[in-house]
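Engineer: Each chain, written out:
2 protein chains.
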Amino acid sequence: MARILYDLHGIDEGLRFSPYCWRVKYALAHKGLDVETRPWRFTDKEALAFAGHDKVPVLVDGDEVVTESYDILRYLDRAYPEAPLLGEGVAEARARFFKHYAERSLAPAMMRTIIMDLLNAIHPGDRDYFRETREKRFGRALEEFHSPAKGLAQLDAALEPLRGHLQESDYLDGDAPAAADYLVFGSFMWARCVSSADLVSNADPVYAWVERMLDQHGGLGRRAMRVTDIEGAYR
Amino acid sequence: MARILYDLHGIDEGLRFSPYCWRVKYALAHKGLDVETRPWRFTDKEALAFAGHDKVPVLVDGDEVVTESYDILRYLDRAYPEAPLLGEGVAEARARFFKHYAERSLAPAMMRTIIMDLLNAIHPGDRDYFRETREKRFGRALEEFHSPAKGLAQLDAALEPLRGHLQESDYLDGDAPAAADYLVFGSFMWARCVSSADLVSNADPVYAWVERMLDQHGGLGRRAMRVTDIEGAYR
Numbered sequence: 238m239a240r241i242l243y244d245l246h247g248i249d250e251g252l253r254f255s256p257y258c259w260r261v262k263y264a265l266a267h268k269g270l271d272v273e274t275r276p277w278r279f280t281d282k283e284a285l286a287f288a289g290h291d292k293v294p295v296l297v298d299g300d301e302v303v304t305e306s307y308d309i310l311r312y313l314d315r316a317y318p319e320a321p322l323l324g325e326g327v328a329e330a331r332a333r334f335f336k337h338y339a340e341r342s343l344a345p346a347m348m349r350t351i352i353m354d355l356l357n358a359i360h361p362g363d364r365d366y367f368r369e370t371r372e373k374r375f376g377r378a379l380e381e382f383h384s385p386a387k388g389l390a391q392l393d394a395a396l397e398p399l400r401g402h403l404q405e406s407d408y409l410d411g412d413a414p415a416a417a418d419y420l421v422f423g424s425f426m427w428a429r430c431v432s433s434a435d436l437v438s439n440a441d442p443v444y445a446w447v448e449r450m451l452d453q454h455g456g457l458g459r460r461a462m463r464v465t466d467i468e469g470a471y472r
Numbered sequence: 238m239a240r241i242l243y244d245l246h247g248i249d250e251g252l253r254f255s256p257y258c259w260r261v262k263y264a265l266a267h268k269g270l271d272v273e274t275r276p277w278r279f280t281d282k283e284a285l286a287f288a289g290h291d292k293v294p295v296l297v298d299g300d301e302v303v304t305e306s307y308d309i310l311r312y313l314d315r316a317y318p319e320a321p322l323l324g325e326g327v328a329e330a331r332a333r334f335f336k337h338y339a340e341r342s343l344a345p346a347m348m349r350t351i352i353m354d355l356l357n358a359i360h361p362g363d364r365d366y367f368r369e370t371r372e373k374r375f376g377r378a379l380e381e382f383h384s385p386a387k388g389l390a391q392l393d394a395a396l397e398p399l400r401g402h403l404q405e406s407d408y409l410d411g412d413a414p415a416a417a418d419y420l421v422f423g424s425f426m427w428a429r430c431v432s433s434a435d436l437v438s439n440a441d442p443v444y445a446w447v448e449r450m451l452d453q454h455g456g457l458g459r460r461a462m463r464v465t466d467i468e469g470a471y472r
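If you read the protein sequences in the order shown, they are chains L and G. For the first sequence, counting from 1, position 62 maps to 299 in my numbering; every step adds exactly one. For the second sequence, counting from 1, position 47 maps to 284 in my numbering; every step adds exactly one.
What the hints contain is simulated information worked out from the structure, not anything from laboratory work. Wrong hints could be hidden among the right ones.
Lysine to aspartate or glutamate pairs mimicking EDC-like chemistry, simulated, CA-CA at most 20 Å apart [claimed, not checked]:
| no. | chain 1 | residue 1 | chain 2 | residue 2 |
| --- | --- | --- | --- | --- |
| 1 | L | 387 | G | 365 |
| 2 | L | 268 | L | 319 |
| 3 | L | 387 | G | 314 |
| 4 | G | 387 | L | 393 |
| 5 | G | 268 | G | 301 |
| 6 | G | 268 | G | 314 |
| 7 | G | 292 | G | 363 |
| 8 | G | 387 | L | 397 |
Just the calculated beta-carbon pair ranges, DEER-fashion [said to hold, decoys possible]:
| no. | chain 1 | residue 1 | chain 2 | residue 2 | range |
| --- | --- | --- | --- | --- | --- |
| 9 | G | 372 | L | 362 | 54 to 64 Å |
| 10 | L | 302 | G | 406 | 49 to 59 Å |
| 11 | L | 315 | G | 438 | 54 to 64 Å |
| 12 | L | 448 | G | 387 | 27 to 37 Å |
| 13 | L | 373 | G | 375 | 39 to 49 Å |
| 14 | G | 375 | L | 413 | 32 to 42 Å |
Covered stretches of chain L, going by a simulated chain G footprint (3 or more residues, C-beta under 8 Å) [stated by the list, open to error]:
| no. | stretch |
| --- | --- |
| 15 | 275-289 |
| 16 | 319-327 |
| 17 | 330-338 |
Beta carbons: idealized from backbone N, C-alpha and C, even for Gly.
Using the sequences and the accompanying hints, generate a full structural model.
Structural biologist: Quick look at the structure:
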């Protein structure tokens, strides 16, 4: 049976920018598992009704339906124990911190920097939905929330532990990437797909890590379509 | 042979506030190892000359002399493999992130909040040394660097991933504390010993974790002398 991943797309069906879906695509590649991605849009809740969920990623693996990126990584470790992603016990507990670090520390800073680019990259039919849900979350208009100067300063501070870590080793998980790297790198893929903003200077150890991550698994990230690849889409 | 830890003290010989020494004291307790602490002051470089080092912690364990808190934790895992602290492989790689998170994200925010309390808690004979080295590091006078309002706002942002993690589990390392908890908690002990500042509100999951950590290993942290315990020392 085919393995299917519901994957958020934007203004072009090939523009896949969800940080959570990127975690899963890297995790599947890490395990050497093929997957067929199914393009999905924010407002197409119907298409996910079978999963009892309203957000991607949704992974359908034979008879198994799994939602939420972290739970998908756990599922993959259970179903395919070779090449662990999260691992067990204390290794898994520590990996979970990187999920929170990406979502609560890095992503909000990036969001502030790229949100107008993000809006522009989203499918036109999803933009009202996006604006409404995000303005409610941020408590203000997207245009007011948008502040690259503040976002980049916030990101610079938030990157400090990552920077320290990557001065000492090539990947968060040591000599080779695993779940901690994928959990964090998803946010970098998200920003990369929808924006041409330079989030880190090329002298930063984080920059070199991003480059290495882009090359992993046959250039999985580097080959991904960016909004800048779509004629007329990027302003 | 006795196991000896050189441990920074302040205005009172019993006031032990080094975050790095606290990591080691918790790590030794985790392993169930006794230790005799030897009070040491910033300017007493001579006393550490035997270790070829000029900072604490310095652990003397029989014939072994080990410096730097993280390296001491690694040493303890090698010499006493029961009850792992950092563990091996990917678990160890992930643990290292918590060192950087504590040192580059939490400690600078706390420092900004408590630095004048810290100066006041330091042994009078060490204060010139402290002021000189820190003013050089911060590029300004301690009084200018000091800003509880900025420090607490910075800390609030820096605590976000910790908060998310501790909403899901009692300790960073899962159901029981290990190296990730000790690496981070050292900074909280540092602030607690020298200041009465409330760094986190009591509704914060981080607060509940701090309370649990204080109770670990027979109340090791809770029993520690604070500057507020010393008559006339706290202004």
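Engineer: For each hint, tell me whether it holds in the structure or not.
Structural biologist: Verification of the supplied hints:
| no. | hint | verdict |
| --- | --- | --- |
| 1 | L/387 - G/365 | violated (36 Å) |
| 2 | L/268 - L/319 | holds (7 Å) |
| 3 | L/387 - G/314 | violated (42 Å) |
| 4 | G/387 - L/393 | holds (16 Å) |
| 5 | G/268 - G/301 | holds (17 Å) |
| 6 | G/268 - G/314 | holds (9 Å) |
| 7 | G/292 - G/363 | holds (13 Å) |
| 8 | G/387 - L/397 | holds (18 Å) |
| 9 | G/372 - L/362: 54 to 64 Å | holds (58 Å) |
| 10 | L/302 - G/406: 49 to 59 Å | violated (26 Å) |
| 11 | L/315 - G/438: 54 to 64 Å | violated (38 Å) |
| 12 | L/448 - G/387: 27 to 37 Å | holds (34 Å) |
| 13 | L/373 - G/375: 39 to 49 Å | holds (40 Å) |
| 14 | G/375 - L/413: 32 to 42 Å | holds (38 Å) |
| 15 | 275-289 | violated (count 0) |
| 16 | 319-327 | holds (count 4) |
| 17 | 330-338 | holds (count 9) |
In terms of the numbered hints stated before, the structure departs from hints 1, 3, 10, 11, 15, listed from lowest to highest.
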